[in-house]
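S.K.: Sequence:
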Amino acid sequence: MHPKAWFGVAVRVIGVWMVVQSASSFVYAFNLVKGLDSLRSISPMAMVNQGVGYFVVGLFLIKLAPLVVSWAYPRRAEIDAQVAEELAEKDES
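Mapping to the numbering used here: the sequence shown position 11 is 35, numbers consecutive.
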């Protein structure tokens, strides 16, 4: 696999991890509301907001990974790599 493809996989994996983290935030908010955790310095709504943020960013990374990859690896770099590869093949022959 090319680095561009690996980067796409990494972006999606990070997205999945963010979705998992959002579930953790929601569970912690539930625990705060139900009194299962006594940490009073954190508001349950703050944890819900954090969970929503993680969830949205995670879905963005999963769904729009090709957009992120094309931003990180512009088409011009791909063309330059192909030209360099063709030149290397010609030099070998």
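Don't read these hints as lab results, they were simulated from the structure.
All figures in this text were calculated on a predicted structure; none of them were measured in a lab.
Even glycine gets a Cβ: it sits at the ideal position worked out from N, Cα and C.
Among the hints, erroneous ones may be present.
[To be verified] EDC-like cross-link-like pairs, simulated, lysine to aspartate or glutamate; straight-line CA separation at most 20 angstroms: (1) K28 / D115; (2) K114 / D104; (3) K28 / E109; (4) K28 / E110.
[What the hints assert, rightly or not] Distance windows between CB atoms, simulated: (5) A105 / V33: 14 to 20 angstroms; (6) L91 / D61: 37 to 43 angstroms; (7) K28 / S62: 45 to 51 angstroms; (8) E113 / N73: 50 to 56 angstroms; (9) S62 / H26: 48 to 54 angstroms; (10) Q106 / V57: 43 to 49 angstroms; (11) A112 / F84: 34 to 40 angstroms; (12) G59 / L91: 38 to 44 angstroms; (13) V44 / I66: 38 to 44 angstroms; (14) V80 / M25: 27 to 33 angstroms.
S.K.: State for each hint whether it applies.
M.R.: Hint by hint, here is what the structure shows:
1. Between K28 and D115, the direct Cα distance comes to roughly 25 angstroms. Violation of the 20 angstroms bound is thereby established for this hinted pair.
2. Under the criterion of a C-alpha separation no larger than 20 angstroms, the hint pairing K114 with D104 is consistent with the structure, at around 15 angstroms.
3. Distance hint between K28 and E109 is fulfilled; the C-alpha atoms sit about 16 angstroms from each other, no more than 20 angstroms.
4. With a C-alpha separation of about 19 angstroms, the suggested pairing of K28 with E110 holds against the 20 angstroms cut-off.
5. Roughly 19 angstroms separates the CB atoms of A105 and V33, a value that falls within the hinted 14 to 20 angstroms.
6. A C-beta distance of roughly 38 angstroms is found between L91 and D61, which places it inside the suggested range of 37 to 43 angstroms.
7. For K28 and S62, the Cβ-Cβ distance of about 48 angstroms falls inside the hinted range of 45 to 51 angstroms, so the restraint holds.
8. Between E113 and N73, the C-beta spacing of about 54 angstroms keeps the proposed range 50 to 56 angstroms intact.
9. The hint said 48 to 54 angstroms for the Cβ distance between S62 and H26, and at roughly 51 angstroms that hint holds.
10. Checked against the hint of 43 to 49 angstroms, the C-beta distance between Q106 and V57 comes to roughly 56 angstroms, which is inconsistent with it.
11. At roughly 37 angstroms, the beta carbons of A112 and F84 sit within the given window of 34 to 40 angstroms.
12. Remark: the range hint 38 to 44 angstroms for G59 to L91 is upheld by a beta-carbon distance near 43 angstroms.
13. A hinted range of 38 to 44 angstroms for the beta carbons of V44 and I66 is inconsistent with their spacing of about 20 angstroms.
14. Distance hint check for V80 and M25: the Cβ-Cβ separation is about 28 angstroms, which falls inside the suggested range of 27 to 33 angstroms.
When held up to the earlier numbered hints, the structure conflicts with 1, 10, 13 and fits the remainder.
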